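Trainee: Line by line, the protein sequences give chains A and B.
Numbering of the first sequence is given in the numbering used here, commencing with residue 1 and proceeding in unit increments.
Numbering of the second sequence is given in the numbering used here, commencing with residue 1 and proceeding in unit increments.
Any given hint could turn out to be false.
Unchecked claim - Listed next, with one range per pair, are the computed distances between beta-carbon atoms:
1. A:P170 / B:R207: 41 to 51 Å
2. A:S137 / B:R181: 48 to 58 Å
3. B:R3 / A:P134: 18 to 28 Å
4. A:P134 / B:W132: 48 to 58 Å
5. A:R72 / B:T314: 34 to 44 Å
6. B:G126 / A:L87: 42 to 52 Å
7. B:R207 / A:V62: 25 to 35 Å
8. B:S108 / A:Q206: 33 to 43 Å
9. B:N309 / A:L232: 52 to 62 Å
As the list claims (entries may be wrong) - DSSO-like cross-link-like pairs, simulated, lysine-lysine; straight-line CA separation at most 27 Å:
10. A:K115 / B:K292
11. A:K130 / B:K320
12. A:K130 / A:K66
What the hints assert, rightly or not - Going by beta-carbon spacing under 8 Å, a handful of chain B positions derived as facing chain A:
13. R104
14. G106
15. S108
16. A177
17. Y186
18. A190
19. E196
20. Q199
21. A200
22. L201
23. I203
24. N204
25. E279
Hints were generated in silico from the structure; no laboratory data involved.
Owing to the predicted nature of the structure, the values given are computational and were not obtained by experimental measurement.
For glycine and all other residues, C-beta sits at the position ideal for the given N, C-alpha and C.
Residue-level listing of the chains:
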Amino acid sequence: MNELLDVRAVSKSFRGLKAVQNASFTIREGSINALIGPNGAGKTTVFNMVAGVFPPDSGSIVFQGKPIHGLRPDQVCAAGIGRTFQLVKPFAGLSVLDNVVVGALLRSKDVSAAKSYAAEIMERLGLGEKRDLPASSLTLPDRKRLEVARALATRPKLLLLDEVMAGLRPTECDQMVEVFRGLNRSDGLTILLIEHVMRAVMALAQHVGVLHHGEVIARGTPEEIVRDPAVLECYLGEETEV
Amino acid sequence: MSRRAAALLAILGVLLAALPAFAGNYLLSVATLILYLAFAGQAWNVMMGFAGQLSLGHSLYVGVAAYVAGGLFFHLGIGPWAGLWLAMLVCVAMGAAIGFLAFRFGISGVYFALLTIAFAEFTRIGFDHLGWTGGPGGMFLKVAQRDQIDLLHFRGPPAMYYYAMLVLAAGALALCAWLLRSRAGYYWQAIRENEEAAQALGINTFRWKMAAVMISSAMTSVAGVFFAFYYNNLFPEQIFQISRSIEIILGPIIGGVGTLFGPVLGAALLTLLGDGITELLAAFGWEIPGIKQVFYGVVLLAVIMFLPNGIWPTLAKKLKL
Chain A
1 MNELLDVRAV SKSFRGLKAV QNASFTIREG SINALIGPNG AGKTTVFNMV AGVFPPDSGS
61 IVFQGKPIHG LRPDQVCAAG IGRTFQLVKP FAGLSVLDNV VVGALLRSKD VSAAKSYAAE
121 IMERLGLGEK RDLPASSLTL PDRKRLEVAR ALATRPKLLL LDEVMAGLRP TECDQMVEVF
181 RGLNRSDGLT ILLIEHVMRA VMALAQHVGV LHHGEVIARG TPEEIVRDPA VLECYLGEET
241 EV
Chain B
1 MSRRAAALLA ILGVLLAALP AFAGNYLLSV ATLILYLAFA GQAWNVMMGF AGQLSLGHSL
61 YVGVAAYVAG GLFFHLGIGP WAGLWLAMLV CVAMGAAIGF LAFRFGISGV YFALLTIAFA
121 EFTRIGFDHL GWTGGPGGMF LKVAQRDQID LLHFRGPPAM YYYAMLVLAA GALALCAWLL
181 RSRAGYYWQA IRENEEAAQA LGINTFRWKM AAVMISSAMT SVAGVFFAFY YNNLFPEQIF
241 QISRSIEIIL GPIIGGVGTL FGPVLGAALL TLLGDGITEL LAAFGWEIPG IKQVFYGVVL
301 LAVIMFLPNG IWPTLAKKLK L
């Protein structure tokens, strides 16, 4: 399998605070990966650098053999990386379908073609019946689904999910896991998720990276990670104490 | 569009086309003003209603276009058909300059609105000191025979101006309907609703916001050229002042920002009721200066309180369109 994303020694500081230090990891095409770590570990900073929200201070991010660090978010998306937002950002005044159409228009310039592709994606995510409702009327689980549908409509090679399970009930969480498994299996979609919900990480991820104080302290399968003493100490250990 | 809406639109079109046959000059001038405001409101709506960029300085484009086309006619005898293109070019360049400054350096929201006011204001002051335009003393276009139609120089009876404005307003409506259903419409609305999310979906927000400003300023420049040849006198103090910009945006706000018929409905309601109240009071022998502005204020307050999305969305639902 080929490397799809290669993050090499990226660092980022905010006014002297080192958010991410020398973090490196690679993501293989067709895999499902999770980036975990305690609050303030630098997960979102890594995520934002990959998504083009801000550039790294040093290091490089290579996607499909081309450097993407320093590109704007729209250029990163056009290169083939879709993302969701942790705090969902629906286009509240538009219908659910039109939200997804906006994403679909990236690859199909024709509006009617974009509409039919958007409708297809919404069916897969179980949003089909809600297509004509205003996005502002959706419940939180549906808003999370809409975030995913919109990102998928841009036909990404790599999907970045920012805490997409947060706030979902366990059954809703399991449904989402099934959706991502399906996308990965049938379309070969590569996924990188940043997640607090261990239930989802254990069920979904094949590879897990652990960030702590801005550094990658462990990598491996979910089973290896939960047995890693360094990880237990910094992250899972804290949780068992609570 | 539903059948019902198409039928209503056709009836409205026929009525408006037949209006000069039975309306006197006064009524025709009111109708022309309504169409003018509907057109300019439509242009403003592209920027604010579609793309979410609030301009409070649209008098800039009206004024600059009026002076460019009017000045060419006044000094060189060049008719508006040639002057229009130059006026449009200048207005689009100014819109692009404002847009570039704002969007490149992250000026948005209220600060963007302030920037648009600033441009309109310093242009007004600049024109006060330009000899070529007559300065504060104004520029007066030669008024020719009113009963002859001279299309080349856009001189003629009131009905000619009325029909010109009717064609322009209908054209603007059709253009906006098409824009809203196109890729541009989707992208603008996405930017209006959430710019960060729009950018994450691959939209080059800078480029699309620039497009909205440039299309809006180009459309408004046409209104400006019409203004010059319809009213025939231009004063920087009047044409660039902020109340001119407010006049343009009141219609869409009351009718419904971001809707297609809001600017038309708003312009019609405000002008008819505003003039109606003035006439009514005059009939009773009361001449109250500024009553129209007070009335506009009351209507604006009422709409913001009870129909914050404007009158059109509610009316459209009632009419089952």
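Trainee: With reference to the structure, classify each hint as holding or not holding.
Mentor: Hint-by-hint comparison with the structure:
no., hint, result
1, A:P170 / B:R207: 41 to 51 Å, "holds, 44 Å"
2, A:S137 / B:R181: 48 to 58 Å, "violated, 23 Å"
3, B:R3 / A:P134: 18 to 28 Å, "holds, 25 Å"
4, A:P134 / B:W132: 48 to 58 Å, "holds, 52 Å"
5, A:R72 / B:T314: 34 to 44 Å, "holds, 40 Å"
6, B:G126 / A:L87: 42 to 52 Å, "holds, 45 Å"
7, B:R207 / A:V62: 25 to 35 Å, "holds, 26 Å"
8, B:S108 / A:Q206: 33 to 43 Å, "holds, 42 Å"
9, B:N309 / A:L232: 52 to 62 Å, "holds, 55 Å"
10, A:K115 / B:K292, "violated, 46 Å"
11, A:K130 / B:K320, "holds, 22 Å"
12, A:K130 / A:K66, "violated, 39 Å"
13, R104, "violated, 13 Å"
14, G106, "violated, 13 Å"
15, S108, "violated, 16 Å"
16, A177, "violated, 13 Å"
17, Y186, "holds, 5 Å"
18, A190, "holds, 4 Å"
19, E196, "holds, 6 Å"
20, Q199, "holds, 5 Å"
21, A200, "holds, 5 Å"
22, L201, "holds, 5 Å"
23, I203, "holds, 6 Å"
24, N204, "holds, 5 Å"
25, E279, "violated, 39 Å"
In this structure, the hints that do not hold are numbers 2, 10, 12, 13, 14, 15, 16, 25, in rising order.
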